[in-house]
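**Q** Those sequence lines, one after another, are chains V and Z.
This note's numbering puts the first sequence at residues 1 to 209.
This note's numbering puts the second sequence at residues 1 to 451.
One thing to keep in mind: the hints can contain errors.
[Said to hold, decoys possible] Some residues of chain V that are not near chain Z, with every Cβ distance over 10 Å (derived):
hint: 1; residue: Arg-8
hint: 2; residue: Glu-14
hint: 3; residue: Pro-105
hint: 4; residue: Arg-106
hint: 5; residue: Gly-149
hint: 6; residue: Ala-169
[Said to hold, decoys possible] Derived EDC-like pairs: lysine to aspartate or glutamate, alpha-carbon spacing no greater than 20 Å straight-line:
hint: 7; chain 1: V; residue 1: Lys-63; chain 2: V; residue 2: Glu-159
hint: 8; chain 1: Z; residue 1: Lys-103; chain 2: V; residue 2: Asp-38
hint: 9; chain 1: V; residue 1: Lys-146; chain 2: Z; residue 2: Glu-446
hint: 10; chain 1: V; residue 1: Lys-208; chain 2: Z; residue 2: Glu-34
Just so you know, these hints were derived from the structure itself, not from any lab.
Note that beta-carbon positions come from the ideal geometry of N, C-alpha and C, so glycine has one too.
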Amino acid sequence: MSLTAWVRRARTPEPAPVRREIAVFEPADLFDIDIKDDPEASPVLCCTDDPAGAAAFNALWLKRIATSGRYAAAVSVRGQGGTPAAEGGVEAFTHDVVQAAVTVPRQAVLIGHREGAAWAALAAGRYPAAGLVLVSPQRFPKQPPKPVGGPPILLVVSESEAQSKEAQAVTEAYGTAPLTFAGSPDEVFKGAAAEGILDAVLSWLDGKK
Amino acid sequence: MQEYSSQAAYDRGEAVCVIGAGASGLIAVKNLRENGFEVDCYERDTVLGGLWNPQNQHSPLYPNTHLVTSRSQTEIPDFPMPDDWPDYPSAAQMLEYLTAYAKHFGLSEHIWYGSEISQIDTVEGSRFEVVVKPAAGSAARRLRYGAVIIATGHHWAPNLPAYPGQEDFRGTVLHSSQLKDASRLRGKQVLVVGGGNSGVDIACEAAVNAAGCVHSVRRDTPHLPKYLGGEPTDFALARIGGRPKFLRRFLTDRLLKGPGRLAARMGIEAPGPGSAGEEPVRNGRYLEHVGDGSIRRRGDIARFDGFDVTFADGTEMRPDLVVLATGYAPKITLVKPKLLGVEGDSPYPKLYARMFSPRAETLAVAGLVEPGVGVLPIVHWQTHAIAHWLHVRKGDPERAANFRRQVVAESDQYEVESGGASPRHRLAVDAEEYLASLGRIIDILEQEPAK
Ligand SMILES: Cc1cc2nc3c(=O)[nH]c(=O)nc-3n(C[C@H](O)[C@H](O)[C@H](O)COP(=O)(O)OP(=O)(O)OC[C@H]3O[C@@H](n4cnc5c(N)ncnc54)[C@H](O)[C@@H]3O)c2cc1C
Ligand SMILES: NC(=O)c1ccc[n+]([C@@H]2O[C@H](COP(=O)([O-])OP(=O)(O)OC[C@H]3O[C@@H](n4cnc5c(N)ncnc54)[C@H](OP(=O)(O)O)[C@@H]3O)[C@@H](O)[C@H]2O)c1
């Protein structure tokens with residue numbers, strides 16, 4: 001984050017605070033003695049523009065991430081799931097993601113889905129994420145901020161999105177080639193496509209540790 | 001770290017040594033690590049958080065200490081405080097915050113507690129040898145580092161006035177940092193000396209806890225409440241700073257008019273806190289206590305006399321307890337004064353851009369400023385600059401030279417005019433100017449290298 005960007009933000013009224021719903025799944029919650037919390041592995045925080053918010057990641061994602069030894073969390077931004085609606089738009093959603101990130105016990109990897117990818121990228125411009133994963137980004141900012149602390153960045157899109165304007169813009173902004181998955185972009189939360197994405201993301205994360 | 005003998009210094013290569021694990025030290029460790037440096041941080045106490053930790057043996061916290069800077073202006077830029085915290089968090093919350101920061105970024109594993117640094121010296125050109133004061137019965141350890149950042153704070157050595165007759169005074173005299181517990185005020189006639197934030201806060205505590213409270217100040221200084229125009233004061237004033245120049249004066253005057261008139265009504269004739277003026281005291285309760293008589297203001301003390309104190313205007317009182325809220329003297333003894341730019345008659349450091357040693361390229365000090373705004377964000381950008389500087393210095397001689405020129409040129413631009421004589425005023429900077437200067441320095445350091 002640049003000093004000027006911070007000065008500007010510090011002079012802007014903060015979005016109204018809301019009680020945010022945060023779903024958490026820890027390796028210890030799995031009651032499986034073979035799965036250990038890996039203290040070296042960064043926790044993960046997910047967000048999506050799906051109206052279910054955090055709950056969307058409950059079907060499969062959080063448990064699968066926890067199984068890999070990572071603390072897994074997802075946040076409902078204002079107006080999603082169990083988080084009350086409040087004014088603010090993209091700026092406030094980004095604020096919600098940053099606020100959720102700092103409650104995670106250790107430096108977190110941010111995973112954003114669709115518009116959630118845009119919020120995650122904006123959040124990474126003011127919070128030093130341990131990694132940034134953008135899944136099928138939509139309404140992505142034209143000039144995303146430079147991520148604080150230079151985290152590794154992964155772009156994951158369905159085969160059908162690989163040539164999309166959005167994917168190309170992200171590739172250009174960060175210089176990361178997209179990883180593609182087979183299946184529909186709307187099947188990211190469960191089913192075969194979801195399994196595929198998770199495998200790809202988790203093995204990428206393990207490689208970055 | 002391996003074992004090392006007492007004779008040979010253990011060589012930590014290009015690692016950086018950070019001294020102190022208060023807010024400034026923690027931010028330094030985090031930002032250096034983020035920039036790829038190995039870091040060892042030494043803390044003389046057994047806890048982190050510096051002065052915000054009441055378990056720190058020397059903590060200067062007094063009863064009911066709360067921030068005077070608001071949450072959004074105090075939090076570290078890349079690690080906000082929880083947004084359901086109050087506008088002015090307590091000292092306990094400040095410690096909770098710093099502890100969470102350390103945990104979040106895994107800083108503790110780089111901190112060596114119970115390790116006071118007694119001395120640092122330049123060796124082999126730009127490297128440093130660091131001496132860790134021995135615990136009882138063991139030998140001193142010596143280590144070598146590529147660079148050193150001093151983050152030892154400047155609120156540890158009380159600045160104590162001496163008045164005629166003070167040695168024979170029959171009541172109790174404490175420095176503000178020794179007060180600790182409000183019960184010490186109960187039922188007492190209390191005299192509070194010093195018109196800084198500590199003195200004014202403690203006078204308010206005495207106004208509600210003590211049998212009587214007299215507040216002695218040697219001169220009038222600007223006062224502000226904690227809220228202005230429905231917003232935290234520092235936030236409201238900072239927002240005006242973002243407006244076009246021709247509007248600022250007008251908006252500031254309008255905002256400060258009411259508080260200025262109230263202060264004048266209470267007999268405080270001080271210039272309003274202008275853009276480059278001295279840091280105002282921020283307390284919304286104080287003037288009300290003066291207004292209801294629970295705080296009685298007096299001028300400077302003339303002398304102590306047995307049980308009594310006489311003020312410059314000739315009035316007298318008989319205090320049971322005198323609290324000297326007369327501030328602190330910055331004191332850095334672990335390094336040769338020359339390396340901090342202490343020269344001639346002035347005992348005060350003269351650092352480039354208030355952080356870089358003018359003598360050693362690999363020595364910097366974090367947090368040795370009184371910016372009148374939140375200190376943590378300032379230290380964040382300072383250490384950001386220091387970390388980048390250490391990179392540039394190694395890899396890009398041309399930019400390093402540019403940078404040196406820039407910091408030298410920047411160094412005199414943010415002095416603050418102040419009528420104050422106590423040590424704090426020598427560390428004061430105009431926050432707006434200083435941040436702008438830090439911005440320029442960082443820009444130079446971050447320019448893409450010419451291909
Ligand atoms: C009463 C009070 C209220 C304040 N309120 C505010 C406020 O509202 N807002 C704000 O922004 N600022 C406030 N401040 C300013 C405060 O200084 C900063 O907020 C911040 O705590 C400074 O942190 P630091 O790390 O620089 O210093 P410190 O907190 O003093 O930490 C220095 C650390 O270095 C260690 N150390 C010292 N010497 C050695 C050595 N030789 N070897 C090893 N370790 C050593 C000490 O044990 C300590 O842990 C206040 C200060 C005081 C005194
Ligand atoms: N709640 C908070 O967040 C909070 C609370 C307390 C302190 N702080 C911060 O901590 C730092 C220290 O504050 P502080 O109030 O302890 O100290 P300070 O700001 O240095 O104030 C010391 C006061 O004592 C006076 N003084 C000094 N020597 C004197 C003498 N010989 N005789 C008479 N008066 C004398 C000074 O007068 P002159 O100005 O004329 O020299 C000044 O009014 C400041 O940065 C402050 O903002 C914050």
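**Q** Hints first: check each against the structure and report whether it holds.
**A** Going down the list of hints, with the structure as the test:
1. Arg-8: Violated, because the least Cβ-Cβ distance between Arg-8 of chain V and chain Z comes to about 7 Å, which does not exceed 10 Å.
2. Glu-14: The claim is violated: Glu-14 of chain V sits with its nearest Cβ about 6 Å from chain Z, within 10 Å.
3. Pro-105: Contrary to the label, Pro-105 of chain V does not stay out of reach of chain Z, its closest Cβ about 6 Å off (not over 10 Å).
4. Arg-106: At roughly 6 Å from the nearest Cβ of chain Z, Arg-106 of chain V sits no farther out than 10 Å, so the non-interface label is violated.
5. Gly-149: 5 Å, violated
6. Ala-169: 22 Å, holds
7. V:Lys-63 <-> V:Glu-159: Between Lys-63 of chain V and Glu-159 of chain V the Cα gap is close to 26 Å, so the pair fails against 20 Å, i.e. violated.
8. Z:Lys-103 <-> V:Asp-38: This hinted pair holds, its Cα atoms lying about 15 Å apart.
9. V:Lys-146 <-> Z:Glu-446: With a Cα-Cα distance of about 13 Å, the restraint between Lys-146 of chain V and Glu-446 of chain Z holds, given a limit of 20 Å.
10. V:Lys-208 <-> Z:Glu-34: Since the Cα atoms of Lys-208 of chain V and Glu-34 of chain Z sit roughly 15 Å apart, the hinted pair holds (cutoff 20 Å).
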